[in-house]
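In case you want the letters, here they are:
Protein chains: 2
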Amino acid sequence: MTQIIDCHGHYTTAPEPHNKWREAQKAAFKAGGAPPAYPAISDDEIRETIETNQLRLIRERGADHTIFSPRASAMAHHVGDQAVSEAWSIHCNNLIARVAGLFPETFTGVCMLPQSPGADLTASIRELRRCVEELGFIGCNLNPDPGGGHFRSPPLTDESWFPLYEAMCELDVPAMIHVSGSCNPGLHATGAYYIAADTIAFMQLIEGDLFARFPALRFIIPHGGGAVPYHWGRYRGLADMLKKPALADHVMNNVWFDTCVYHQPGIDLLARVIDSKNILFGSEMVGAVRGIDPETGQYFDDTKRYVDALPISDEARAAIFAGNARRVFPRLDAKLTARGL
Amino acid sequence: MTQIIDCHGHYTTAPEPHNKWREAQKAAFKAGGAPPAYPAISDDEIRETIETNQLRLIRERGADHTIFSPRASAMAHHVGDQAVSEAWSIHCNNLIARVAGLFPETFTGVCMLPQSPGADLTASIRELRRCVEELGFIGCNLNPDPGGGHFRSPPLTDESWFPLYEAMCELDVPAMIHVSGSCNPGLHATGAYYIAADTIAFMQLIEGDLFARFPALRFIIPHGGGAVPYHWGRYRGLADMLKKPALADHVMNNVWFDTCVYHQPGIDLLARVIDSKNILFGSEMVGAVRGIDPETGQYFDDTKRYVDALPISDEARAAIFAGNARRVFPRLDAKLTARGL
Chain A
3 MTQIIDCHGH YTTAPEPHNK WREAQKAAFK AGGAPPAYPA ISDDEIRETI
53 ETNQLRLIRE RGADHTIFSP RASAMAHHVG DQAVSEAWSI HCNNLIARVA
103 GLFPETFTGV CMLPQSPGAD LTASIRELRR CVEELGFIGC NLNPDPGGGH
153 FRSPPLTDES WFPLYEAMCE LDVPAMIHVS GSCNPGLHAT GAYYIAADTI
203 AFMQLIEGDL FARFPALRFI IPHGGGAVPY HWGRYRGLAD MLKKPALADH
253 VMNNVWFDTC VYHQPGIDLL ARVIDSKNIL FGSEMVGAVR GIDPETGQYF
303 DDTKRYVDAL PISDEARAAI FAGNARRVFP RLDAKLTARG L
Chain V
3 MTQIIDCHGH YTTAPEPHNK WREAQKAAFK AGGAPPAYPA ISDDEIRETI
53 ETNQLRLIRE RGADHTIFSP RASAMAHHVG DQAVSEAWSI HCNNLIARVA
103 GLFPETFTGV CMLPQSPGAD LTASIRELRR CVEELGFIGC NLNPDPGGGH
153 FRSPPLTDES WFPLYEAMCE LDVPAMIHVS GSCNPGLHAT GAYYIAADTI
203 AFMQLIEGDL FARFPALRFI IPHGGGAVPY HWGRYRGLAD MLKKPALADH
253 VMNNVWFDTC VYHQPGIDLL ARVIDSKNIL FGSEMVGAVR GIDPETGQYF
303 DDTKRYVDAL PISDEARAAI FAGNARRVFP RLDAKLTARG L
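Going down the list, the sequences are from chains A and V. In this text, residue positions in the first sequence follow my numbering: the first is 3, and each later residue adds one. In this text, residue positions in the second sequence follow my numbering: the first is 3, and each later residue adds one.
Isolated chain A (complex conformation) (with noise of 0.2 Å):
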């Protein structure tokens, strides 16, 4: 028997206390005042939020364990400051955290980055340590475009980025690469901007040679890996016009791809071309997707379904549900491991 773990829950259904708070902040930091202090918020309130939502929907589903992070289009790095960004990520992930101490038998944390254009990693660093180190979360979403929309950061092979990953390394967690709401007109957020992130971050990988450097490094990229196993043979071919070596070696012992991909034969073709041990089971729920298929009468973020329909081995399956989310998140397997799962 094994644990069917979401690598991929956002927390969606926050209380409406903290949403509230983030608009009084934003508001604040236009005027040039501070925010006001944030509101008390009970146990009652966050179980309720949960317990009709998340919980509810795995328990439903069959899933019994997520990895939970703030809410992605909320994160908004591009909104205020440093300062601003830092505050609202304290809020967001204590909340998680809140979540997880609620539900330890089926949340488990991985915060979001106070990151900002044009800042350096230094709070984004100390936020994921405090949170690891102290919060008990195992992973952090790292935004690759903290500008909203108009990919104006370096690549994430950018010596940059290297101390957030040495950080990374020290601590053990993995990353999923994940932007955040668009402020580009021309970008809608789930449709667009989060499918287009996912593919370029794929091929910035291919060009650098990020691995070699840092072998233990680990990245989630999250949508079924956006466009990049339909076009699968492009990106192998593009590896051997750029010399690079073949992406099993080059990339893919460092990659995980989620199956946040809404219909079946796109499961279809993820499972077909990546191998098993490169994807995680996630749904994105409660997501970007909210409705019924009128073609399955399911749910389309209902991933798990998918999965289970897909015409592969047992081992593999069980690697996709559990196994390979415990090897890209060693301090998720420890603590299973120590409730004896």
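Honestly, I wouldn't trust all of these hints.
Claimed, not checked - FRET-style restraints, in silico, Cβ to Cβ: (1) A:K279 to V:A42: 55 to 63 Å; (2) A:D316 to V:C185: 47 to 55 Å; (3) A:P296 to V:E172: 36 to 44 Å; (4) V:C185 to A:P332: 34 to 42 Å; (5) A:P187 to V:A218: 21 to 29 Å; (6) A:E47 to V:K279: 46 to 54 Å; (7) V:D277 to A:D316: 32 to 40 Å; (8) V:R307 to A:E47: 55 to 63 Å; (9) V:P313 to A:N55: 39 to 47 Å; (10) V:G299 to A:S315: 23 to 31 Å.
Hint data in this document are derived by calculation from the structure and do not stem from the laboratory. A quick note: this is a predicted structure, and the numbers were derived from the prediction, not measured. Using N, Cα and C, we set each Cβ at its ideal position, and we do this for glycine too.
Knowing the structure of chain A, use the given hints to seat chain V on it.
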């Protein structure tokens, strides 16, 4: 018997004097002077670049006709200004017209447009009219991000694009949505920028209501539609969340995807989720990925093999290879019909 039509070929092998003139043009712009006169290029020079490359490969691989346009990555609309872009476009398009004149049975022209960041579309419409009415071209390549990699242009549904769409409808020609080279160090052109831009364009079309305004407007989204078929469930679900009609009605009467997807599993997915009436055979040849796939021993971009191997009806395959292209490009259909094809 039917002609096999490749909807996506670029003149990536243009004669060297043409490329050298471009370098001189850019240098002159930088120095504030006038470019040198455009060089004389003989028919034999053009013949040689085509016969040893595109024509050889077309014959080896078994296609009949290529819809041919200037090298996409060299359009570089972000370089120079409106006058630079217009002069370069005219020379590039004239060269395509010469190829089509020398090999009328095999090549038909599609033009690049002299877009320029911040400029309106007056010059683009002028050049489109010249190419269609005087040079016999049948379509255009429209760059949704002439800035070259920061996505600062308004979405394709914005009314600033409408004058071009009006001209396209009047002339009865479609556009392939195709970005050019990237001036963004984080965006590799063929591996990141192209695929991201394709995906972004499709989501813009979902968010808007462009085809209610222009029911005869036709777009080809190249590179297999970017990430779209792989994430078809996400796009169907987002259309539903945005309270748009089903994609079949909202977008897919006006949008086609080509087959520039360089492995069999990708093409299989494309044909599984996208109606065959919306797929156009294309290879992007001689193009983005020029090597041989070690897994198959065949060229990555020999996409005809993948389409040949699809488990679809003869009728569907004929539509992908020829029938759809003749509907999307009525001026090509008229030309082939006049030849008894």
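Against the structure, the hints:
1. A:K279 to V:A42: 55 to 63 Å: holds, 59 Å
2. A:D316 to V:C185: 47 to 55 Å: holds, 49 Å
3. A:P296 to V:E172: 36 to 44 Å: holds, 38 Å
4. V:C185 to A:P332: 34 to 42 Å: holds, 41 Å
5. A:P187 to V:A218: 21 to 29 Å: Given about 26 Å between the Cβ atoms, the range holds.
6. A:E47 to V:K279: 46 to 54 Å: holds, 52 Å
7. V:D277 to A:D316: 32 to 40 Å: holds, 35 Å
8. V:R307 to A:E47: 55 to 63 Å: With a Cβ separation near 59 Å, R307 (chain V) and E47 (chain A) satisfy 55 to 63 Å, so the hint holds.
9. V:P313 to A:N55: 39 to 47 Å: holds, 41 Å
10. V:G299 to A:S315: 23 to 31 Å: holds, 28 Å
Checked against the numbered hints above, the structure violates none of them.
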